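Could you put the whole structure together from the sequences, leaning on the hints where they help?
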Amino acid sequence: MAFPLLALGVVACDGSDGTEPYDESALEEEGDDLGTTQEPLSNGGTTTNTAIGLALQVNNGTGNTVHVRAGQKFYLNQFDIVTQLKDVTVDEGVAGLDREGDFKNLDWRGVNVRDESITGNNDGVTFTRRKFYRGAKWMERKSYISIRQVDSRGLPTSLPTILNIGKDDTRTERDDFFVRRMRAIQWAYDCATPACTNPTQFMEEGLVEMRNTKSPNQTFKIQPRTTAFKIFWSERGTEYNVPVVQENDLEFDYGFKIAVKALTPPRSNGTYAPGTSIQMKLDLQDGTGKSLYPSGVMPTYNDVVLTGTERERTGITYYTAPIDPTGTYWRRKHKERMLMSQIAGPAQTIQPIRSIQGFEVFLGPADVQTIATLERDNTFAQFRIFPTSNQTFAGIYDQPVPTTWTYDIPANSPSGTYYITTKGRRVYKGEDIPFTSQVAIQVGTTTVTTPTLTTGPCTSCHSNGGELSKVLHANDNRATCAGCHAPLAFELEGPIFVRLHYIHSRSDRFDSPLSKCQSCHLNQTGIQRTSKAACLSCHTSYPASHVAQFGPVIDSYVGGGPESFQQCTGSCHTSHPGSGL
Numbered sequence: 199m200a201f202p203l204l205a206l207g208v209v210a211c212d213g214s215d216g217t218e219p220y221d222e223s224a225l226e227e228e229g230d231d232l233g234t235t236q237e238p239l240s241n242g243g244t245t246t247n248t249a250i251g252l253a254l255q256v257n258n259g260t261g262n263t264v265h266v267r268a269g270q271k272f273y274l275n276q277f278d279i280v281t282q283l284k285d286v287t288v289d290e291g292v293a294g295l296d297r298e299g300d301f302k303n304l305d306w307r308g309v310n311v312r313d314e315s316i317t318g319n320n321d322g323v324t325f326t327r328r329k330f331y332r333g334a335k336w337m338e339r340k341s342y343i344s345i346r347q348v349d350s351r352g353l354p355t356s357l358p359t360i361l362n363i364g365k366d367d368t369r370t371e372r373d374d375f376f377v378r379r380m381r382a383i384q385w386a387y388d389c390a391t392p393a394c395t396n397p398t399q400f401m402e403e404g405l406v407e408m409r410n411t412k413s414p415n416q417t418f419k420i421q422p423r424t425t426a427f428k429i430f431w432s433e434r435g436t437e438y439n440v441p442v443v444q445e446n447d448l449e450f451d452y453g454f455k456i457a458v459k460a461l462t463p464p465r466s467n468g469t470y471a472p473g474t475s476i477q478m479k480l481d482l483q484d485g486t487g488k489s490l491y492p493s494g495v496m497p498t499y500n501d502v503v504l505t506g507t508e509r510e511r512t513g514i515t516y517y518t519a520p521i522d523p524t525g526t527y528w529r530r531k532h533k534e535r536m537l538m539s540q541i542a543g544p545a546q547t548i549q550p551i552r553s554i555q556g557f558e559v560f561l562g563p564a565d566v567q568t569i570a571t572l573e574r575d576n577t578f579a580q581f582r583i584f585p586t587s588n589q590t591f592a593g594i595y596d597q598p599v600p601t602t603w604t605y606d607i608p609a610n611s612p613s614g615t616y617y618i619t620t621k622g623r624r625v626y627k628g629e630d631i632p633f634t635s636q637v638a639i640q641v642g643t644t645t646v647t648t649p650t651l652t653t654g655p656c657t658s659c660h661s662n663g664g665e666l667s668k669v670l671h672a673n674d675n676r677a678t679c680a681g682c683h684a685p686l687a688f689e690l691e692g693p694i695f696v697r698l699h700y701i702h703s704r705s706d707r708f709d710s711p712l713s714k715c716q717s718c719h720l721n722q723t724g725i726q727r728t729s730k731a732a733c734l735s736c737h738t739s740y741p742a743s744h745v746a747q748f749g750p751v752i753d754s755y756v757g758g759g760p761e762s763f764q765q766c767t768g769s770c771h772t773s774h775p776g777s778g779l
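Quick note on our numbering: the sequence shown kicks off at 199 and runs consecutively.
It should be emphasised that the hints constitute simulated quantities derived from the structure, not laboratory data.
Because the structure is a prediction, the values reported are computed rather than measured.
From the three backbone atoms N, C-alpha and C, an ideal C-beta is built for every residue, glycine too.
Simulated restraints on C-beta separations:
| id | residue 1 | residue 2 | range |
| --- | --- | --- | --- |
| 1 | Pro-600 | Gln-726 | 39 to 47 Å |
| 2 | Leu-461 | Thr-395 | 53 to 61 Å |
| 3 | Ser-466 | Cys-659 | 44 to 52 Å |
| 4 | Asp-289 | Ser-743 | 29 to 37 Å |
Below, a list of computed lysine-lysine pairs in the BS3-like style, where the Cα atoms sit at most 27 Å apart:
| id | residue 1 | residue 2 |
| --- | --- | --- |
| 5 | Lys-479 | Lys-459 |
| 6 | Lys-455 | Lys-531 |
| 7 | Lys-365 | Lys-531 |
| 8 | Lys-340 | Lys-668 |
| 9 | Lys-455 | Lys-488 |
| 10 | Lys-533 | Lys-668 |
| 11 | Lys-340 | Lys-531 |
| 12 | Lys-488 | Lys-533 |
| 13 | Lys-412 | Lys-627 |
| 14 | Lys-531 | Lys-668 |
Quick look at the structure:
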């Protein structure tokens, strides 16, 4: 719930430096910007009266300039604040953030380490340790933000709007964002071993993430004289300045679509034979279906990610983790922006993939990676990222990106329905949105087969802004997740069961008892495959007898290393206390 009119009594409407008087004519001439959407919330065919979700970011106290369509109507859908202390040489946790930088005036009392994770560095020798911090008063307390528009003199051009961030440990109907995360991270970059003794190179980072609005009808329109947003966060007590550049006659519309089709035709009955190689074609489009690039080629990684020229022009995004590392739950997964496609099936065999995908999988010559095989994993999956993995992970950033690739259906593939799923994000003129395209093909039979899911349906919590069709990859077909979400050597927490255990157990806003497996799991069978990855992605420790037999907990995501996905036992832990199953 938002309270726009209350902002008049909270936020001063004077000039940014306190010297300019309040200019009432600014509001009288340009009109009141409050109200509900006059046109449906849309993914395409938009006008300036179509409400668009706005994404804003502040880095180290300075707002990132946002380019928007002149006069566009928006609602705030995403707001990120990041502050960093780099080149720290003292192992002090995140104490430096309390002394200097953008968050120095926040209330850091109570901050403590919640989790820790170790990842290998690209040199293949050293490791990076991440310590994740929670519990500071500013992270826990209820707070709010207000957003108002100003002109080049700092005079207001609109009424401010207040949005409720809510509290850390309570999810209420009055919250204006489905996702609310506040935390700090200490990075240690030069660990000689996974134990990370005596590191000397650190970074301290504070993060605020708010996204997926619950109030899309709380809109504001960009006024003609607006040149900046002033954003007040109640915990900080002063305003951020976010420059605004208004543009006319945009080359593309807002919204995002991914069109995927098979260039290899099926047989006369509409099916493909096992052993068929199927060539696919990708077309990224705006919300009206207009292609964002000439047919057959997409821009280089340099032009999209490093210089950003093509990202600014079209909104295309590629995988950013090589230059802006992410961390499940803790750090900016919504900024990772992987553009990738996968095939998985047949549907009746789909299940979590537990085979570790090493660096060699991604650096090999093939542009498509086989992630699961029928012989090893009892299901089949391949995926393709754009640009190819052997370019992205090897730092080859100057090659154009083809829009065609080939999936190879194994000759021994069971008959059934296979899902081809392609996901990405578009960041364009203030909008940052995901999209997932799904194509189902039939192999060996015209009979549609279906997956057997052991969890769901998720809608009791994921609603009112948190629908699976809106959050994450904007994909509500959970059967299609496993093909991409395998454990990677550099990101063992890839599988969905790990991530769901981890995120829901760490979020104090998940309002069911963690021991009540029935909240998500449909039957007892679904909780009976015990492994370190399954158990220690939720539990933070286990008994000394387990430590002696299976090793200490060295990673908060999966407990240990690659062995974490092996089944510990088939005779113990066949039920869970308080599970409700």
